[in-house]
Amino acid sequence: MAEIPEQEADPLARFRDWRGFLLAAIAVNALFAYGMTLGADHPQARIWNLVLVWLPFNFIATTVYYAMLVRLTGPERTPLARGFYRVLCGGLIVANWTLMLRAGA
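So the sequence shown is residues 65 to 169, counted in the numbering used here.
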């Protein structure tokens, strides 16, 4: 009889976890926002920090959070989980833009 090979565990499974990716994105975003609020205090460099660094980051972060919002609110999730991810991702998008606009004022 031929032996049936055992199913191997997926070595890339940890990279396909959208919730883990969301947590990593939140951590990176928090570190970035903390660093940018420190750099936004300098009056001569404030506008350059906002335009050259913070604005592109916010566009990228908004796209990432929107992609995660779409991915994590699929029909396989419970309504409570879908609502949680909608509020979380939407809140993070609003928080990023609000923080940037307040730092520029």
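Careful, some of the hints might be misleading.
As the list claims (entries may be wrong) - Quick list of simulated restraints, FRET-style, between CB atoms: (1) Leu76 <-> Trp112: 38 to 44 Å; (2) Gln71 <-> Gly147: 30 to 36 Å; (3) Ile90 <-> Leu116: 32 to 38 Å.
None of these hints come from the bench; they were simulated from the model. The beta-carbon is built from N, C-alpha and C at its ideal position, and this holds for glycine as well.
Hints, verified against the model:
1. Leu76 <-> Trp112: 38 to 44 Å: Because 39 Å falls inside the window, the suggested range holds.
2. Gln71 <-> Gly147: 30 to 36 Å: 35 Å, holds
3. Ile90 <-> Leu116: 32 to 38 Å: Cβ of Ile90 to Cβ of Leu116: about 24 Å, so the range 32 to 38 Å is violated.
Comparing the model with each numbered hint stated earlier shows that hint 3 is the single one that does not hold.
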